[in-house]
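Protein chains: 2
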Amino acid sequence: MRNVNLSLYLVLDPDMCGGAQGMIDTARAAAQNGATLVQLRAPHWKKRALVECGRALKAALAPLGVPLIINDHADVCLACDADGLHVGQEDLPAPDARRIIGEHRILGLSVSNARQLAEVDPALVDHLGIGPIFSTATKTDAAAELGIEGFAALAAHKPCPVVAIGSVKARLAQPLIAAGADGLAVVSAICGRPDPGAAARELAEAIEAARRGL
Amino acid sequence: MRNVNLSLYLVLDPDMCGGAQGMIDTARAAAQNGATLVQLRAPHWKKRALVECGRALKAALAPLGVPLIINDHADVCLACDADGLHVGQEDLPAPDARRIIGEHRILGLSVSNARQLAEVDPALVDHLGIGPIFSTATKTDAAAELGIEGFAALAAHKPCPVVAIGSVKARLAQPLIAAGADGLAVVSAICGRPDPGAAARELAEAIEAARRGL
Numbered sequence: 001m002r003n004v005n006l007s008l009y010l011v012l013d014p015d016m017c018g019g020a021q022g023m024i025d026t027a028r029a030a031a032q033n034g035a036t037l038v039q040l041r042a043p044h045w046k047k048r049a050l051v052e053c054g055r056a057l058k059a060a061l062a063p064l065g066v067p068l069i070i071n072d073h074a075d076v077c078l079a080c081d082a083d084g085l086h087v088g089q090e091d092l093p094a095p096d097a098r099r100i101i102g103e104h105r106i107l108g109l110s111v112s113n114a115r116q117l118a119e120v121d122p123a124l125v126d127h128l129g130i131g132p133i134f135s136t137a138t139k140t141d142a143a144a145e146l147g148i149e150g151f152a153a154l155a156a157h158k159p160c161p162v163v164a165i166g167s168v169k170a171r172l173a174q175p176l177i178a179a180g181a182d183g184l185a186v187v188s189a190i191c192g193r194p195d196p197g198a199a200a201r202e203l204a205e206a207i208e209a210a211r212r213g214l
Numbered sequence: 001m002r003n004v005n006l007s008l009y010l011v012l013d014p015d016m017c018g019g020a021q022g023m024i025d026t027a028r029a030a031a032q033n034g035a036t037l038v039q040l041r042a043p044h045w046k047k048r049a050l051v052e053c054g055r056a057l058k059a060a061l062a063p064l065g066v067p068l069i070i071n072d073h074a075d076v077c078l079a080c081d082a083d084g085l086h087v088g089q090e091d092l093p094a095p096d097a098r099r100i101i102g103e104h105r106i107l108g109l110s111v112s113n114a115r116q117l118a119e120v121d122p123a124l125v126d127h128l129g130i131g132p133i134f135s136t137a138t139k140t141d142a143a144a145e146l147g148i149e150g151f152a153a154l155a156a157h158k159p160c161p162v163v164a165i166g167s168v169k170a171r172l173a174q175p176l177i178a179a180g181a182d183g184l185a186v187v188s189a190i191c192g193r194p195d196p197g198a199a200a201r202e203l204a205e206a207i208e209a210a211r212r213g214l
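If you're matching them up, the sequences are chains A and B in order. Numbering-wise, the working numbering puts 154 at position 154 of the first sequence, and it's gapless, one number per residue. Numbering-wise, the working numbering puts 5 at position 5 of the second sequence, and it's gapless, one number per residue.
The hints are simulated quantities; they were obtained by calculation from the structure and are not laboratory data. Everything numeric in this text was worked out from a predicted model, so none of it was measured. Watch out, some of these pointers could steer you wrong.
No copy labels: a pair is met if it fits in one copy or bridges any two.
[Stated by the list, open to error] Pairs of lysine-lysine, DSS-like flavour, derived with a Cα cap of 30 angstroms:
1. K158 to K46
2. K169 to K158
3. K46 to K58
4. K169 to K58
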């Protein structure tokens, strides 16, 4: 389970999706159209709401074979028996996160610079989200944007698989895959789109085309 | 461990105490002067800061025999090996919280009305915080104030030990203990006081006097 398909990683946004049911509908449509991993991220939500939404997402995604990752909260991950956890640099330290979620769950970590990358222990962490590629309205506390070249410079030293995140769009699939991305993580490229399934399909096809072109 | 002395339960506030070191100093002074239980509550903090502060609090309190409770975050409770967890009605459901923290840690639950009280499972929950007794600036999302009579009406049906919380002061010890409180939980009566140790001592003595008077 810890080696997952990172090709198209959907990070849900409750505001863009219109609440819990919107996130569930968006996740299902995306998973039916090429999304390979889904993250529940709702930093302003209380945990009871997160657990309920996480359980509904797991029920929607498990039959499609798409793992569910919980952002930040290892306890919510355990409560809804999610497939994994994603932590940032100010969240639980990786050793604590790994100890709490156990050996079989997926652990992802956000990295924004070379120092953070050098500190990654691939025995604890399964994959990295490297970003932001470009600045974004979704995450107001994000670090300075890397651009494609900054991403490539970090990805060249990756100790484990990496996804690129931060204003990632279908037209960036080719340069990001060429720069070493094992997948793309997206928020606004799917959440809140008139047809999230079609948006996911377009992204999945762009990633596939980028891989064929390598 | 799950049956603890609830007499004087200090709930730390990072703003009133002036940050992490202020909370640690306040907790130590209070524990040396009659506080019997300390809770780390910093709802706006990221988890790395919570874990670091929790570990420092545990190191300060364990030699004094005063248990440390973590508010809301079962994962932080595990990460810093705290003695217990406190959850509210919108936090992790008690069955999930108990499963995550294990059988030997303390689990407290906030209750504000008769419906919530009737739902408490004393096999899962070790004690309750009943409040707010009076409205408070500390907790902006709190329910309507109960007053002493409202507290007494709930405490009469308590399925486990209870502490009274919400603008609780030393002069309220007598009526609250008489109304069925097993202890008082305080924030601003200790945090941010010129001499937190003296404030704790005054509260502890008022609680002791109230018990002698029963």
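Verification of the hints:
{"no.": "1", "hint": "K158 to K46", "in the structure": "between (34 angstroms within a copy, 26 angstroms between copies)"}
{"no.": "2", "hint": "K169 to K158", "in the structure": "within (22 angstroms within a copy, 56 angstroms between copies)"}
{"no.": "3", "hint": "K46 to K58", "in the structure": "both (18 angstroms within a copy, 26 angstroms between copies)"}
{"no.": "4", "hint": "K169 to K58", "in the structure": "within (26 angstroms within a copy, 46 angstroms between copies)"}
Hint compliance for this structure: every hint is met.
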